[in-house]
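K.L.:
Residues per chain, in single letters:
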Amino acid sequence: MNHRNDKLTRLPQRLTVAACVILAPTLYATQDIDAAKAIKVKAAYLYQFTKFVEWPKTAFERDKSPIVIAILGNDPFGTVLDKTVFEKTVRGRRIAIVRIGAYGRDSRKTLRSCHLLYVASSERHRIREVLDDIDSQNILVVGEGKDHATSGGMIGLVLDSGRITFHVNHEAVKRAGLRMSAKLLRLAKIVKSRE
Amino acid sequence: MNEIRSTNSVLLWVLVGAVFLTAPTLAQAPKQGSPSGGRETGGQDESPQPDEPLADPLNEPDDFSDLSLEELMTIEVVTASRRAQSITTVPYAVSIITAEDIRWSGARSVPDALRLAAGVDVADLSFGNAAVSPRGFHGFIAGLVLVLVDGRQIYDSLFGGTVWGGWPFQLEDIERIEVIRGPGGVTWGANAINGVINIITKDPSDQLGLTLSTSGGSRGWFKQHFGLAQQKEKLRLRISGEYEAGDGFAEGGSMLRFLEDEYKGGRLSLHAVYDADENTTITISAGSAVVDGGYPPTPLAGIATRRNAAAQGTFVLANWERRITDDEQLGMTLFVNDSFASPGLPQIDYRYQQIGWQFSHTVGLDETKTRTWGIDTRVDLLDAGNSDPFMLHKSFVSTVIIGLYLQQEWRLTPATTLSLGGRVDYESYGGFEPSARASISHQLSDHDAVYASVSRAFALPSAAARYLYIPLLNGMAFVTTADDVDPTTLMAYEAGYRGRLFGRLDTSVNLFWHQYDETTTLSPQLGPPGLLQTQYDNRPGDVALYGAEVEASYELSEQMTLIGNYTYQQLEWDVDVPFTDRDYITPPRHKFMLGARYTASEDLRFSGHLYFVDDVKAPNPSNPFLARTIDSYVRVDVRAEYEFWNDSASLAVGVSNLLDPNHYEGGTLFLNDAEVPRMAFAELRIRIR
Numbered sequence: 001m002n003h004r005n006d007k008l009t010r011l012p013q014r015l016t017v018a019a020c021v022i023l024a025p026t027l028y029a030t031q032d033i034d035a036a037k038a039i040k041v042k043a044a045y046l047y048q049f050t051k052f053v054e055w056p057k058t059a060f061e062r063d064k065s066p067i068v069i070a071i072l073g074n075d076p077f078g079t080v081l082d083k084t085v086f087e088k089t090v091r092g093r094r095i096a097i098v099r100i101g102a103y104g105r106d107s108r109k110t111l112r113s114c115h116l117l118y119v120a121s122s123e124r125h126r127i128r129e130v131l132d133d134i135d136s137q138n139i140l141v142v143g144e145g146k147d148h149a150t151s152g153g154m155i156g157l158v159l160d161s162g163r164i165t166f167h168v169n170h171e172a173v174k175r176a177g178l179r180m181s182a183k184l185l186r187l188a189k190i191v192k193s194r195e
Numbered sequence: 196m197n198e199i200r201s202t203n204s205v206l207l208w209v210l211v212g213a214v215f216l217t218a219p220t221l222a223q224a225p226k227q228g229s230p231s232g233g234r235e236t237g238g239q240d241e242s243p244q245p246d247e248p249l250a251d252p253l254n255e256p257d258d259f260s261d262l263s264l265e266e267l268m269t270i271e272v273v274t275a276s277r278r279a280q281s282i283t284t285v286p287y288a289v290s291i292i293t294a295e296d297i298r299w300s301g302a303r304s305v306p307d308a309l310r311l312a313a314g315v316d317v318a319d320l321s322f323g324n325a326a327v328s329p330r331g332f333h334g335f336i337a338g339l340v341l342v343l344v345d346g347r348q349i350y351d352s353l354f355g356g357t358v359w360g361g362w363p364f365q366l367e368d369i370e371r372i373e374v375i376r377g378p379g380g381v382t383w384g385a386n387a388i389n390g391v392i393n394i395i396t397k398d399p400s401d402q403l404g405l406t407l408s409t410s411g412g413s414r415g416w417f418k419q420h421f422g423l424a425q426q427k428e429k430l431r432l433r434i435s436g437e438y439e440a441g442d443g444f445a446e447g448g449s450m451l452r453f454l455e456d457e458y459k460g461g462r463l464s465l466h467a468v469y470d471a472d473e474n475t476t477i478t479i480s481a482g483s484a485v486v487d488g489g490y491p492p493t494p495l496a497g498i499a500t501r502r503n504a505a506a507q508g509t510f511v512l513a514n515w516e517r518r519i520t521d522d523e524q525l526g527m528t529l530f531v532n533d534s535f536a537s538p539g540l541p542q543i544d545y546r547y548q549q550i551g552w553q554f555s556h557t558v559g560l561d562e563t564k565t566r567t568w569g570i571d572t573r574v575d576l577l578d579a580g581n582s583d584p585f586m587l588h589k590s591f592v593s594t595v596i597i598g599l600y601l602q603q604e605w606r607l608t609p610a611t612t613l614s615l616g617g618r619v620d621y622e623s624y625g626g627f628e629p630s631a632r633a634s635i636s637h638q639l640s641d642h643d644a645v646y647a648s649v650s651r652a653f654a655l656p657s658a659a660a661r662y663l664y665i666p667l668l669n670g671m672a673f674v675t676t677a678d679d680v681d682p683t684t685l686m687a688y689e690a691g692y693r694g695r696l697f698g699r700l701d702t703s704v705n706l707f708w709h710q711y712d713e714t715t716t717l718s719p720q721l722g723p724p725g726l727l728q729t730q731y732d733n734r735p736g737d738v739a740l741y742g743a744e745v746e747a748s749y750e751l752s753e754q755m756t757l758i759g760n761y762t763y764q765q766l767e768w769d770v771d772v773p774f775t776d777r778d779y780i781t782p783p784r785h786k787f788m789l790g791a792r793y794t795a796s797e798d799l800r801f802s803g804h805l806y807f808v809d810d811v812k813a814p815n816p817s818n819p820f821l822a823r824t825i826d827s828y829v830r831v832d833v834r835a836e837y838e839f840w841n842d843s844a845s846l847a848v849g850v851s852n853l854l855d856p857n858h859y860e861g862g863t864l865f866l867n868d869a870e871v872p873r874m875a876f877a878e879l880r881i882r883i884r
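Chains as they are written, first to last, in my numbering: chain A, 1 to 195; chain B, 196 to 884.
Simulated from the structure, these hints should not be mistaken for laboratory data. Idealized CB from N, CA, C, for every residue including glycine.
Chain A side only, calculated, beta carbon under 8 Å to chain B, not exhaustive:
| id | residue |
| --- | --- |
| 1 | 47 |
| 2 | 48 |
| 3 | 181 |
Chain A extracted, bound-state conformation:
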């Protein structure tokens, strides 16, 4: 019984110490920077997509040619995407990043030589032109918002209840001659192109 009382006496003391230990780091807490977190999540998604999408061998010049991610429009990633794919390999291929800037005549050649095209928000309104331009190329077109995949794009990164999820237009992926893993499809919301 004494043992029990000792424990009870010591309990508040222990709780106080424990609370201090656990809550001490809150003193150093800083402001929210959720936009930065969203960028990192999107960058990680782009990397994951390269793992779960298979390009035909003819999409690469050589066996060891890198998978090229092209960013069309104003680059939201800064250095985050570079860091995300740094020293990563997918099926023995490194990942290279190319920034194209705004869509225009000069950018078309670069655009057609990539494997994953990320269409930034600044070029969202030109998605039709872009898709027409790369028609029948083996390019995975990733963009922002619900409209991207239903407008003929292939993967749309969608803010859904505070998390970033993705919509997949499977028909468009198949038309591009790409093979998407069942796991990716299982996790995605599958949508169709608007008529």
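Based on the hints, put chain B in the right spot on chain A.
P.N.:
Then chain B, alone, in the frame of chain A:
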């Protein structure tokens, strides 16, 4: 004394390591090898002008490149002011423990990780074994919870429940643990009565390369782990293994009280995923664990007959999933379990094989209706013939159970969903047994939902509960079972809320009322046969468990997250035989967890978790007729981790049970006492991609 010296030296290393690791961070040393200067541009003269705030990687925590798709989908990215929150309208009380949660917590085992979930009662009984069950009824063998690993059932053929020490759980390979509190009988069948613990392992694509880790700490504990994952075209493959050993929790003892729970265990797993085509995935996995020791034998073993506890578990699993259309999927799982266990009593030495098969079909009938149906079966072959002198009426016990279920969801309005499900199981011993569930969920807004449900589920008596027959004291006493033990059934009433409160607090609240029928206990009575027998049987009387579970998460900033949960449980046990005669620990009336996770810099993070568990009554191995009180305890686990070599390596140090040299968490008739000690640890982890 040696132990004290050992602990002190580890603590010293922890301090030295912390100073060493913190120094470069305080100096704000930029990360080497960053490719940020190597940007390529193609075809454009003008530099891109970002249309969104640029990230500043030097001031950010880890990148997310190591996270799986599933983990990425769980990351909250919206500022609190937008009042957005992910909400699932699944009408169950669900907690998800992710790989990140496990890493932050410093958990040493799966039961340790399960402390993070509200409503799950966890008590370490010894180094190698724990009592685990959602909503009470936890004990050495917790028979009212169903544990699954990638859909494969871990269910002990002899005792029922899960023997945690005997299977190849490797924390490094776990993607997440889904804890469903309350009955899940409609989907998972028998024994999913108080809850389901579903352990899901990682896709090998999330661990590409070679992972090596080595850990060590107090009480001679050490663990070496390796994992190799490769991806080749459509095939993803992982092989992983580890060896763990330690002196155990307990120390000292006497001639009559053997307290050693020295542990040695090896685990090996293989996991292969093959995308046969865009719509078909085949998964094959296999593994084996061999354990020597892990828990101290009960005093009943006696001096002359004492021997080491040991266990071995081997499995093979094949899973096939096919997407027929976007609204229609098929799934099939086949698994084989082989397990041997000797809990240190000469009378108890058994082996069993299980073969399970599960099939499910989900189809969206139209935009408002979804139907799932399935059929599953499991065959158990138990060999207890090697026990000496004998343990069951029959040396071999074989049982077959087959179940058929149907569930349908109706979206009554855009925000309201009604779900009805029914299932019937046929078992070769007990005959037909039904399960059912009706639930309704309503989404109050994009970020708030409520649900209510009523369910029926059942737990089958284990083979031991049906055929137990152990003569003791030269036939003067027996442990036996009644002729016809009925399944324990449960009617459960639940209601819950999930959403965001006060703009920043992600919360879930669940209320439940469980009403049990045909509960079973061991109860001593005068012979025959012999002078005394302890008989296992159904007991009349009202048994109810009710309570509330609250979980909350508060993201104070990008760097700091606070988490917590609280559980209230009240057991009404109006049965002649004491609850603890079932070898269960009483549910603690109050328990809570508080956790803080702080990312100090890109490479350095700290975490602390505090657990409070109210006092309980537990079976007493020293006196089987009188349960003992286990005092309430506070357990604090702290951990620091530093990543280096461009996140390819990390060094973690920590202490579990920081404020308490040792405490009991529970007890069982089968094992001797083992207090949970304070333990310091360090872990070095290297990943070569």
